[in-house]
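Student: So the sequence lines, in the order shown, correspond to chains A and B. The first sequence begins at 0 in numbering that gives the first Met the number 0 and counts up by one. The second sequence begins at 0 in numbering that gives the first Met the number 0 and counts up by one.
Calculated directly from the structure, the hints in this document are not laboratory data. Misleading hints may appear alongside valid ones.
Heads up, the list lumps identical chains together, so a pair's fine if it works in one copy or across two of them.
Unchecked claim - Straight-line Cα separation of at most 25 Å, PhoX-like style, residue types lysine-lysine; simulated pairs:
#1 Lys43 with Lys333
#2 Lys212 with Lys182
#3 Lys352 with Lys365
Number of protein chains: 2
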Amino acid sequence: MSPTAPNIEQLEVELGDRSYPILIGNNLINTAGSHIAPRLKGRKVIIVSDENVAPLWLPTFLKSFDELDLDVHSLTLPATETTKSFSHFERLLNDVLALEIDRKTTLVALGGGVIGDIVGFAAAVLLRGIDFIQVPTTLLSQVDSSVGGKTGINTSYGKNLVGAFHQPQLVLADTAALATLPKRELLAGYAEVVKYGLIDDFEFYEWCENNAKLLINGDQNAQRYAVLKSCQSKARIVAADERELGQRALLNLGHTFGHAFEAETGYGNKLLHGEAVSIGCINAFQLSAKLGLCEQQELIRIKKHFSQIGLRNSLSGLADESWTVERLIGHMAKDKKAEAGKITFILARGIGKSFVANDLSIDAVKDVLAQALTDAKS
Amino acid sequence: MSPTAPNIEQLEVELGDRSYPILIGNNLINTAGSHIAPRLKGRKVIIVSDENVAPLWLPTFLKSFDELDLDVHSLTLPATETTKSFSHFERLLNDVLALEIDRKTTLVALGGGVIGDIVGFAAAVLLRGIDFIQVPTTLLSQVDSSVGGKTGINTSYGKNLVGAFHQPQLVLADTAALATLPKRELLAGYAEVVKYGLIDDFEFYEWCENNAKLLINGDQNAQRYAVLKSCQSKARIVAADERELGQRALLNLGHTFGHAFEAETGYGNKLLHGEAVSIGCINAFQLSAKLGLCEQQELIRIKKHFSQIGLRNSLSGLADESWTVERLIGHMAKDKKAEAGKITFILARGIGKSFVANDLSIDAVKDVLAQALTDAKS
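With the rest of the complex left out, here is chain A (with noise of 0.2 Å):
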């Protein structure tokens, strides 16, 4: 491991010997190759990027290799919501066979959420598994997927409901790139900060209302602290539960709402995954002060703090006449955490105190739901 610089942060993801670093910082595109090569089993790196960010990351990424006795080839797939399907998927596999591998062969995923799932997803499988590494490009993925080892693509019957649990061998968090991205892409990975202060941390809940505006506007102290605090979280509710038994499933604040709400509008640009999650976690208060376990007050106080920075915090010109509160639970008994028609929910009794919610009533989530669209169509 080559030694961390000033304005790097690493942590390392606790699990056994699937253990990995995540390293955090300005200009970690620029130097990848050094952090890259000590880590490599064989001299073959296959780098797979897609054609949003291939034009502004991979010749820096490339260059980084330039003075290393390598043998680098890189790959670059189609930037659509369809990209996680089967035939991309069957495309890519035969595209890095191609390039005739061997069990020392290392996958890099350079990109957002889909580049790291499906990447990550070729390399379980590849000769029944090999190495990557993940350089996530946008802030949801450097807070969410690249943490944790779940890898999958979506089928006609759900998403990630083909994966696989495979842990990279290092995750270079880069918040320069983070500089690239559309504001509204960024405020929606902000959803995924803001939510690891809403299950277990009150303070760093507090720090995202004090420096979301910073962070939104390019900040790189602020990005780097809230990847790094996002990362630490994460990992460190998945060291607890790597398959998803039990407290894992806190990670799930907001997303069966949100699950809902993306199945509604066809996992499209017309609700990004963070934007559901925020509304998800509105939604996961809202039922947790109806039930009596939480304060009205907090619940204002994290739709405010939603609102002023401009992430949303309702269905609002989302919601039509077709949105049904059976529609929707329907789409929420279908996500695969479901288990045999019982739905789990993340609840509340505050800000950061989140728990796992097995036995809900439906009712309580209907009232919700209706509430919520009564709200967005008036």
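Since the structure of chain A is already known, use the hints to place chain B on it.
Tutor: Relative to the frame of chain A, chain B by itself:
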């Protein structure tokens, strides 16, 4: 676990929290439900078979679930050479997802190695991993592919290049199923049985010499013992090296040569996998003898045994003018177990004294292949 009845052998594959039992006996398919039920996490069971096996065994298998309060479904795949293709795999995943599975659903592979491999791989990636149970119906799959957790599909670049290590919850090896196998398939499966003797068990090799005819003629006791000893051998080797980093390579005795012959014949009916392995074992001992590692007498003894029971011990009638040493070596170098151009061979210092050789001169291999081709064409 239901108690083991008389004439049922049970062994445990020791892999920590991935350990599982193998039951071996006559008519286990008749009572499959009672063995499987205690192993299920949920109520839903999806049995996947193929068009050859389903008419013979699916009704009996399903009937064994009659008295159980379970939600049992079945799917049947074509029984062709291309069943382990990407397109069949995608269809299988979708057909399973259409049955609205959750993480407690269990898949059951009822069939030979192809069914075990594709169903095991489906279970490995559906919802990032669900349980599966193997009910192997061929000798080859009972003694080889149902132990060790290797699953996978084929690509145009080679066999099993895409897959996962995924251990079953239970294996039921019913020797009654062997009565419905064509004799050629039974013999080919026997190649993997005698291989375990050749690797590290001289006593078992002697048992094979004395009992192979009984086994091939359908003697239940001989079959049960052969399957038990084979599974024990493989389980012992796999337990010591689950991810194939070292000693597990011993299981590839005869397979590096065999792989080249299968690639040359197109992995079809022209040369069955077990036949390729039996020729490959002879070649491995020829190579060992040529290198002065083992006595010529040992080689002659094995060839004679194979010849007496009608098991292939040469390329005779198979290799024509188009076969060349260079092409065969090329196939070997493309095997996924090859690393950076180096081929690992399993050699022997005698029957039951095999070892892994990593730094072998390719010239000796070429000599053995040249002789094998000369013999075959003469």
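Student: Now tell me if each hint is right for this structure.
Tutor: Hints, one by one, checked against the model:
Taking CA atoms no more than 25 Å apart as the test, Lys43 paired with Lys333 passes between copies only; the shortest distance there is 16 Å, against 41 Å inside one copy. In this homomeric assembly, Lys212 and Lys182 come within 25 Å of each other (Cα to Cα) only inside a single copy, at 12 Å, whereas the closest approach across copies is 75 Å. Within a single copy, Lys352 and Lys365 get their C-alpha atoms as close as 23 Å, which meets the 25 Å cut-off; across copies the closest is 69 Å, which misses it.
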